[in-house]
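Take the sequence shown: its position 241, counted from the start at 1, is 241 in my numbering, and no numbers get skipped.
These are calculated hints, taken from the structure and not from any lab test.
Be aware that a few hints might be false.
[Stated by the list, open to error] Derived pair list, reagent style DSS-like, types lysine-lysine, alpha-carbon separation capped at 25 Å: (1) Lys15 to Lys236; (2) Lys15 to Lys197; (3) Lys197 to Lys236.
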Amino acid sequence: MREGDLWPRLRRIRKIIFDKTGTLTLETPRLLDPEALAALAPATRAALLALVQDNPHPVSQSLAETLLGDGLVAGLVPAAGELRESVGDGVSLQTPDGAWSLGRPGWRGSHPPAVILEGHDTEFAFNGTVLACFRFEDAVRPGARAEIAALQASGRAAYILSGDRQAKVQAMTAALGLPADRGVAESTPQAKAAWVKALDRRDTLMLGDGANDSLAFDAAFVRGTPVIHRGVLEGKSDFYYLGRGIDGLRRLFGVNEARRRTQAWLLVFSIAYNAIAVGLAVAGHMSPLVAAILMPVSSLLSLAIVAGGLRRVAAAR
1 MREGDLWPRL RRIRKIIFDK TGTLTLETPR LLDPEALAAL APATRAALLA LVQDNPHPVS
61 QSLAETLLGD GLVAGLVPAA GELRESVGDG VSLQTPDGAW SLGRPGWRGS HPPAVILEGH
121 DTEFAFNGTV LACFRFEDAV RPGARAEIAA LQASGRAAYI LSGDRQAKVQ AMTAALGLPA
181 DRGVAESTPQ AKAAWVKALD RRDTLMLGDG ANDSLAFDAA FVRGTPVIHR GVLEGKSDFY
241 YLGRGIDGLR RLFGVNEARR RTQAWLLVFS IAYNAIAVGL AVAGHMSPLV AAILMPVSSL
301 LSLAIVAGGL RRVAAAR
């Protein structure tokens, strides 16, 4: 937790919005066509390495791991130039030879027939001409379907909000047991923020991990992020969680409910104790002996209520 007022805000949450890539899926997707990398000329691979080696996006990290792990850039120096990132679109590199880019389909350039791949996710281009297309396979985080089912059973609706292709988002909703209309695809950062604002009634929780989720984060009532390598949203999140799954979210709600019950029991006990004490005093029965008995008994009972609450909190974790 990073914000002290998180607990009362959590009680209002009825809608949970998940980013897809890196939040519902594991941090790095699997590249389905590594042969497309091997087919590139060495100088072209050096330019691609410059685009992806320090970029935190999961697609960039997958390409970087394949380039390095398969020895495709051994002895190569990353191309030098000016790097620029267009959030939600991709990253570009301006060199003396021209402009390289890696991003979503259609962001930069045309498609020579030789490099078109059906259903591709990312395009690598030079001076507006696509040199290679890449497809990726997402791995859903362990237990995500069961966790989302449990969250929905508790009265909270779940949504997926992504900039990815419609087909991939629909596949994810199906894999998680969500209705098709709970998946929103092909959204720019601005569109994500507008969608969250339209949905929010001070009852939304947004989970995301990338720079393209930043504007939507600002629009949500509560914000959370998984702790990942090179995460960018920890500084503006209300909380963050560890682990390969998303079970930390349900545990957070469980802890909050245990705290609420403990506070309610303490309030009831406090009212009852004071009513009894005042009644005895008004009736003239509050002798020094009775007061000496009531005070430690009330303290012990308060401690017992707190201890029971702590056990419930521990059980919820």
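So which of those numbered hints doesn't the model satisfy? none
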